[in-house]
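Engineer: Spelled out, the chains give:
Protein chains: 2
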Amino acid sequence: MNILIIHAHPEPNSFNGALTRTAVSYFTDNGHTVQVSDLYAMQFNPVSDRKNFTTVDNLSYFKQQLEELHATEHNGFSKDIRTEIEKLEWCDLLILQFPLWWFGLPAILKGWADRVLVMGRVYGRGKWYDAGAFKGKKAMLSLTTGGSSETYGQGDLHGDINNILYPINHGILRFTGFDVLPPFIAYSPAHVDDSTRENYLLEYQKRLKEIDTVEPIRYPSLAEYDSQTFQRKE
Amino acid sequence: MNILIIHAHPEPNSFNGALTRTAVSYFTDNGHTVQVSDLYAMQFNPVSDRKNFTTVDNLSYFKQQLEELHATEHNGFSKDIRTEIEKLEWCDLLILQFPLWWFGLPAILKGWADRVLVMGRVYGRGKWYDAGAFKGKKAMLSLTTGGSSETYGQGDLHGDINNILYPINHGILRFTGFDVLPPFIAYSPAHVDDSTRENYLLEYQKRLKEIDTVEPIRYPSLAEYDSQTFQRKE
Numbered sequence: 001m002n003i004l005i006i007h008a009h010p011e012p013n014s015f016n017g018a019l020t021r022t023a024v025s026y027f028t029d030n031g032h033t034v035q036v037s038d039l040y041a042m043q044f045n046p047v048s049d050r051k052n053f054t055t056v057d058n059l060s061y062f063k064q065q066l067e068e069l070h071a072t073e074h075n076g077f078s079k080d081i082r083t084e085i086e087k088l089e090w091c092d093l094l095i096l097q098f099p100l101w102w103f104g105l106p107a108i109l110k111g112w113a114d115r116v117l118v119m120g121r122v123y124g125r126g127k128w129y130d131a132g133a134f135k136g137k138k139a140m141l142s143l144t145t146g147g148s149s150e151t152y153g154q155g156d157l158h159g160d161i162n163n164i165l166y167p168i169n170h171g172i173l174r175f176t177g178f179d180v181l182p183p184f185i186a187y188s189p190a191h192v193d194d195s196t197r198e199n200y201l202l203e204y205q206k207r208l209k210e211i212d213t214v215e216p217i218r219y220p221s222l223a224e225y226d227s228q229t230f231q232r233k234e
Numbered sequence: 001m002n003i004l005i006i007h008a009h010p011e012p013n014s015f016n017g018a019l020t021r022t023a024v025s026y027f028t029d030n031g032h033t034v035q036v037s038d039l040y041a042m043q044f045n046p047v048s049d050r051k052n053f054t055t056v057d058n059l060s061y062f063k064q065q066l067e068e069l070h071a072t073e074h075n076g077f078s079k080d081i082r083t084e085i086e087k088l089e090w091c092d093l094l095i096l097q098f099p100l101w102w103f104g105l106p107a108i109l110k111g112w113a114d115r116v117l118v119m120g121r122v123y124g125r126g127k128w129y130d131a132g133a134f135k136g137k138k139a140m141l142s143l144t145t146g147g148s149s150e151t152y153g154q155g156d157l158h159g160d161i162n163n164i165l166y167p168i169n170h171g172i173l174r175f176t177g178f179d180v181l182p183p184f185i186a187y188s189p190a191h192v193d194d195s196t197r198e199n200y201l202l203e204y205q206k207r208l209k210e211i212d213t214v215e216p217i218r219y220p221s222l223a224e225y226d227s228q229t230f231q232r233k234e
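Protein chains in written order, with our numbering: chain A, 1 to 234; chain B, 1 to 234.
Since the hints were derived computationally from the structure, they do not count as laboratory data. Be careful, since some hints might not be right.
Put simply, identical chains are the same to the list, so a pair is met inside one copy or across any two.
With a cut-off of at most 30 Å between alpha-carbon atoms, the simulated DSBU-like pairs for lysine-lysine come out as follows [said to hold, decoys possible]:
1) K209 - K233
2) K209 - K87
3) K206 - K63
4) K233 - K206
5) K233 - K137
6) K51 - K127
7) K51 - K206
8) K79 - K51
9) K63 - K233
10) K206 - K127
Taking the hints into account, I'd like the entire structure generated from these sequences.
Structural biologist: Pasting the structure below:
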């Protein structure tokens with residue numbers, strides 16, 4: 001298997017770092033190939049603008065999606081974007097490794113999605129959801145939180161973690177065609193003891209071992225919607 | 001009233017630009033004071049790291065929240081962060097104006113939240129949700145989408161827009177104490193005709209006119225949770 005880990009944490013010795021090292025060791029020890037995009041180490045620029053492109057479609061009005069369509073046809077993506085797209089096309093499994101910041105992706109990782117998942121080469125013209133470009137590939141979020149698991153259930157203080165992750169799981173990963181595996185969540189690693197942290201790493205390894213058999217999250221299929229209006233069929 | 005608009009779009013002549021200009025005109029014409037943080041124009045850096053600080057708490061391990069607590073006590077925030085915090089403290093109404101990218105905030109705006117909403121001065125030690133630092137202030141999302149409104153209801157192709165916005169409304173705005181007003185959403189401005197776009201601007205002005213009377217979104221109160229474990233009281 002080819003595995004791509006997009007890693008987003010400013011501190012190499014963070015628990016996110018330990019989780020990524022755990023995954024890299026596990027996969028390479030078992031004969032798989034791993035690439036890590038360590039966004040902070042790469043000094044990845046998350047701001048979408050004309051720097052995404054070496055080509056120009058419309059110089060007087062910047063509409064990103066139209067520039068992306070144009071760049072798709074004229075090989076006009078900047079090198080950093082092209083490289084990330086090639087890694088995505090190469091991988092069988094994508095893992096996004098990040099700390100949950102403000103109940104979402106850290107900006108450096110959100111901007112990776114904003115810039116790399118381009119209209120044309122990656123989505124559009126019928127390529128989305130279960131007809132997405134990355135159909136047949138798996139993806140999984142691996143994250144850490146500040147709060148404890150007891151604050152992330154339905155009706156809990158911070159709200160249901162599944163709802164919080166829905167825009168990422170469904171709106172980014174499923175949208176581009178991935179089968180989305182349930183997230184791996186290490187709750188509050190900064191506030192638990194060493195043995196709990198050790199246990200998180202063991203649990204993570206166990207999860208990675210089961211990656212072939214774990215059921216993806218169920219989402220509606222395009223077949224349930226009208227192909228013109230995208231409204232749900234009665 | 002003091003109004004702060006955080007504006008996040010790379011194209012000044014975009015429909016997001018028109019919405020922000022509509023708001024600025026409306027409020028100034030009616031005797032209010034408006035500040036706009038135009039993040040692209042400011043070249044705001046959304047990447048959280050040591051550049052957030054002029055002080056250092058721990059040089060060998062970067063833990064952002066601890067650095068924020070330290071910087072709160074030692075006036076150690078970088079100028080761009082300090083300026084934004086002061087605008088937040090100044091305002092009575094906060095508007096986030098953005099295009100919905102990948103079902104969330106554009107990275108430049110997500111990073112504004114990541115960097116500016118600091119532990120210590122803005123939240124923590126009991127300051128959150130209805131006891132948040134910005135208690136008594138109002139906040140509202142104003143956004144544009146790619147898809148039509150028919151694709152953003154419950155059970156629809158993209159999922160319920162209220163669920164998609166929940167991590168922002170509850171996790172960022174409510175978390176820091178704002179009363180969160182229902183979002184203003186201009187669906188698919190790139191794919192509707194001029195008169196529909198004109199109408200969006202009129203509707204937006206109407207919404208701004210009613211800002212004092214519109215009911216905030218109802219969220220649970222801290223009083224419903226145990227103050228030690230944060231678990232819901234039976």
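Engineer: Next step is simple, just say for each hint if it's right about the structure.
Structural biologist: Each hint, compared with the structure:
1. Within a single copy, K209 and K233 get their C-alpha atoms no closer than 39 Å, and across copies no closer than 38 Å, so neither meets the 30 Å cut-off.
2. Taking the closest pair of Cα atoms, K209 and K87 come within 30 Å of each other only inside a single copy of the chain (22 Å); across copies the shortest separation is 49 Å, beyond that limit.
3. Within a single copy, K206 and K63 get their C-alpha atoms only as close as 44 Å, which misses the 30 Å cut-off; across copies the closest is 28 Å, which meets it.
4. Within a single copy, K233 and K206 get their C-alpha atoms no closer than 40 Å, and across copies no closer than 34 Å, so neither meets the 30 Å cut-off.
5. With identical chains, the CA atoms of K233 and K137 are at most 30 Å apart within one copy only, with a shortest distance of 27 Å there and 42 Å across copies.
6. For a Cα distance limit of 30 Å, the shortest separation of K51 from K127 inside one copy, 25 Å, qualifies, whereas the shortest one across copies, 40 Å, does not.
7. Taking the closest pair of Cα atoms, K51 and K206 never come within 30 Å of each other, the shortest separation being 41 Å inside a single copy and 37 Å across copies.
8. Proximity of K79 to K51 under the C-alpha cut-off of 30 Å is found in both arrangements, the shortest distances being 10 Å within a copy and 26 Å between copies.
9. Neither within a single protomer nor between protomers do K63 and K233 lie at most 30 Å apart by alpha-carbon distance, with minima of 32 Å and 49 Å respectively.
10. Proximity of K206 and K127 under a CA criterion of 30 Å is satisfied in neither setting, with 33 Å inside one chain copy and 38 Å between copies.
The earlier numbered hints that this structure contradicts are 1, 4, 7, 9, 10.
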